[in-house]
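Sequence order for the protein chains is A and B.
According to the working numbering, the first sequence holds residues 1 to 475 in order.
According to the working numbering, the second sequence holds residues 1 to 508 in order.
Since the hints were derived computationally from the structure, they do not count as laboratory data.
Hints should not be assumed to be uniformly reliable.
Once the Cα atoms are required to be at most 16 Å apart in a straight line, the calculated EDC-like pairs of lysine to aspartate or glutamate come out as [to be verified]: (1) B:K9 - B:E190; (2) A:K300 - A:E276; (3) B:K435 - A:D400; (4) A:K300 - A:E336; (5) B:K427 - A:E402; (6) B:K187 - B:E295; (7) B:K478 - B:E139; (8) B:K478 - B:E106; (9) B:K170 - B:E5; (10) B:K8 - B:E36; (11) A:K31 - B:D467; (12) A:K300 - A:D213; (13) B:K210 - B:E196; (14) B:K210 - B:D237; (15) A:K31 - B:D463; (16) B:K314 - B:E295; (17) B:K435 - A:E402; (18) A:K31 - B:E468; (19) B:K9 - B:D201; (20) A:K182 - A:E68; (21) B:K187 - B:D214; (22) B:K427 - A:D400; (23) B:K427 - A:E401; (24) B:K478 - B:D463; (25) B:K435 - A:D140; (26) A:K6 - A:D124; (27) B:K121 - B:D463.
Partial pick of chain A residues on the chain B-facing surface, computed with a CB cut under 10 Å [claimed, not checked]: (28) S28; (29) D124; (30) R221; (31) G299; (32) E336.
Yeah, the Cβ is synthetic: ideal placement off N, Cα and C, and Gly gets one too.
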Amino acid sequence: MAPDEKPDFLVLGDTIEAWLTAACLVRSLGKSGRSVAILPVLRERPSPPVAVLPPSVANLHALLGFDERDMLRFCKGSFRLGDRFEGWRGEGSSFVLSYGSPAEFPGEGALHQQGRRSGVLEQDGAYDTFSLGAVLGRLDRFAHPDPVANQQAGYFTYGYHLDADKYRDYLKRAALHYGVRKEEGDPMSILAREGELAAGVIVDATGGASISDVLPRDGWRADADLPFDQFALMDEPATSLSLGRVSAGNDKILFDVAAAETGCRAALFNASGVPENLVGAGEVDVFGIRSGHRTPWVGKCVSIGASAFGLLPFGDVEMSLIVRGVETLLELLPDEGRLAVAGQEYNRRMMMAYHRTRDVQVMAFALAARPWRTAEAAMSDQNRIRLEQFRSRGRVVTFDEECLAPAEWVSFMIGLGVVPERTDPVAESVAQEVAAQRLRSVSAHIAALAERYPSQRDYLAEAGVIGADAFGGGM
Amino acid sequence: MNGSENIKKIVIVGGGTAGWMTAAGLSHVFRANGIEIALVESDQIGTIGVGEATLPHLRFFNEHLGIDESEFMARTSATFKLGIEFRDWGRQGDAYIHPFGEYGREIRGIDFHHFWLKAHKASREGRIDSFSLPVVMGELAKFAMPSADPRSVMASYSYAYQLDAGLYAKFLREFAEARGVQRIEGKIVEVSVRPEGGVVDFVTLENDRKITGDLFIDCSGFRGLIIEQALKAGYEDWSQYLPCDRAVAVPCEMTAENVPYTRATAREAGWQWRIPLQHRVGNGYVFSSRFTDDERASDILMSSLEGAPLAEPKFIGFRAGKRRRQWVGNCVAIGLSSGFLEPLESTSIYLIQAGITALAELLPSRAMHEADIREFNRVMDLEYERVRDFLILHYHATERNDSPFWDYVRTMPIPESLAYKLELFRKTGVVVQYKDGLFLHPSWIAVYLGQRVVPDGYDPRVDALPDEQLYKALAEMKALIGQTVSGLPTHADFLRDYCPRPVADGVL
């Protein structure tokens, strides 16, 4: 592409989502004759030093030809098994929301149904013992899943905790390597050349930078019914490499997460009641949370990441929506004559993805044993059906574009204290003592299996992630 | 559930396919729960014998029950079904098979049909059908079991059955009775509903016998003996989209080698089915009484039979739509009592199965929780609506203008949900995907392309693959399918080896 040639795609931003989008676009389009450029507008809001990636990112990494070990070494990363929620059912309580599913026993009802009969669901954290991912997470152990060997223990999968700056650099290298043109110069003049938008399609991945306000699109719509509207970022030494930790207090949530050499804490609170221990911190910068959304695709402009959707910054929600956004954009790549209809479908899917992801946070706030304000309107119809069915009989209902898999919803709702009022009759076809024995056996099997896994730190050291110098040539 | 709250007795009202499938399914799933199941039917009341053609889901229903496939097929005179052939739908003279399987294989994570579209637009490829193993198998009347190895091209398809629904009901009756289901012979003359409404206490037979139960399942067919006549569930009429309201059916002798697919041929005021069983061919003409009459419909059907008729033509009336509520109080409607969608895509038995599955998942306690009822009705509404849209597509996506019927369906307003899907495919080649839809990508692609809804463009990522690589990959896929199919046995030979119909059953 000639330096002054109008690109087919111009990505705005210097964020993870900007470089990920640019790299995936150029890699997908290959030698099709369509070009991708990036204008690395600086993000105006702070980004956490640790990037929290869900398992779904694996497809995009595969598209980019990433070698996992090389990426982890370069990005000083660790394997992520999920999040540990502390204090949501009251002080001292905890449960793990891990990626994967517990063992299944066809024809005998779901494991949680048997758990209800045996009374284990009421015991704090007890359901975790049926999930290999959760047990490994609590122990901070890791090795790659072996689906055949672990059949009796269900399955787990994993995402990553990466040093955010290094991950962005890694993506940047890939993007430039595959042919993304980096635009230099005054952003405003580049954005509007000769009175027209400077590309066939512009992707706003600035994370909400003000320059993107010049783009022709609709405004931000606040969804102000989540209980916290402020956040602060702090350095925090690593506690677990495998799990994020989401701790609830009456006036705040703390999200701690650690990659191999970087740890951080995000404190979420409400402007009307700043927690005392944060006031004391003095030098901590506080930012407003932009909870809400905008129509992600209008005309020739597509917004990805924080430019389109704002949720509370804990867990992997932000990266989940980014991955979904990039995947959907790739599937619906706009072309002459299909811009409007592709945009319509993109918006349909991404708005569903946003609402289903938001459902996870809203459900947590609605069920927590904390004095938090959650607007009644925040509960979507889908969440109401989901909660009603699970509370009534332990049935899991899922919808299109879900953020959590069915088994993950089960763990989540049980962790938050929802015990079904009834047992599924299918589960009652097995004698209670037989079911109870089965549960003990599964739990013991998983505990024994987990002991055979190395600590994640050892595993990363063995892979050369910890203590290694920069890599980055393995894509 | 919790001890005393458990359902003690289920009463199924009506036999036939819906009644006996429900009895078999529930008696198997809840065999250890001590639930008494009774089925009331009368030899005086005939059954419709819905859908002799099925979808692959029925295999999983049978497998779940532990039914031996070859025995089941032999006893129901069944043949294998790899898809449905549609003739004269897009234009007169057109034909395509909607297969139970994939087209080609995705390349670099991109759906295969986009690659085919590029080659097709460059006049380098003809029909997409050549990239579907089940289509090629069907056209050559071959059959073999799919492979469990996902790397094999033989894993790219599934199959269903073409069966005698009456024999299937009989087969399931044996199955259910062996598992304790009690059959009660008798004609129901009264349904006793509590004065406050919504709850059925008992049904009364002609001989004054009263049958009580905790849960009543209405499988009484179109009339909806309990769900409509007693509980007034209401009916949502979809005849503005699906104007066919009558069918005339007749079996005939088989004159040709058995093919593993059902045929649906468009006619001047509807369409005609052809379902080959082992011993006969089922035929019927589904038509709209607004655009033709019984006599003309019967003439068209009888004049197009391939063999001698084996019975007098039988007429059936219906109205496309569904009950507004399929579960009211302690009564659940399953089968024709819950709604009717014409058997163009063999969905009748599937919808029975969907109702049984939803009920098994939501089996209530005696208290009849509103949560269970709401959820069942939500799930079944979704099932019906998504099947409805797919059926409407067949009529609406046509260029035919040779009769008032086709003029009407071609120009009629369609549901927004379908209009959206059509527009997206036309402009982008992207198929709208839903988590809970019955028909998946390949089904929509089959009907779209088979009925000349060809996208304006294709996925731009396709152009990243050099042309010579694309054409080479397509040629290899096609060759692999051709070579694979050439080595397979004929459908007729496979049937003879696997599930020959017992000679003792002799006549029809």
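Hints, verified against the model:
no., hint, in the structure
1, B:K9 - B:E190, "19 Å, violated"
2, A:K300 - A:E276, "46 Å, violated"
3, B:K435 - A:D400, "5 Å, holds"
4, A:K300 - A:E336, "11 Å, holds"
5, B:K427 - A:E402, "26 Å, violated"
6, B:K187 - B:E295, "33 Å, violated"
7, B:K478 - B:E139, "15 Å, holds"
8, B:K478 - B:E106, "14 Å, holds"
9, B:K170 - B:E5, "33 Å, violated"
10, B:K8 - B:E36, "6 Å, holds"
11, A:K31 - B:D467, "11 Å, holds"
12, A:K300 - A:D213, "14 Å, holds"
13, B:K210 - B:E196, "20 Å, violated"
14, B:K210 - B:D237, "34 Å, violated"
15, A:K31 - B:D463, "7 Å, holds"
16, B:K314 - B:E295, "12 Å, holds"
17, B:K435 - A:E402, "10 Å, holds"
18, A:K31 - B:E468, "13 Å, holds"
19, B:K9 - B:D201, "12 Å, holds"
20, A:K182 - A:E68, "26 Å, violated"
21, B:K187 - B:D214, "20 Å, violated"
22, B:K427 - A:D400, "23 Å, violated"
23, B:K427 - A:E401, "23 Å, violated"
24, B:K478 - B:D463, "20 Å, violated"
25, B:K435 - A:D140, "34 Å, violated"
26, A:K6 - A:D124, "58 Å, violated"
27, B:K121 - B:D463, "13 Å, holds"
28, S28, "5 Å, holds"
29, D124, "23 Å, violated"
30, R221, "23 Å, violated"
31, G299, "16 Å, violated"
32, E336, "8 Å, holds"
Violated hints for the displayed structure, listed by number in ascending order: 1, 2, 5, 6, 9, 13, 14, 20, 21, 22, 23, 24, 25, 26, 29, 30, 31.
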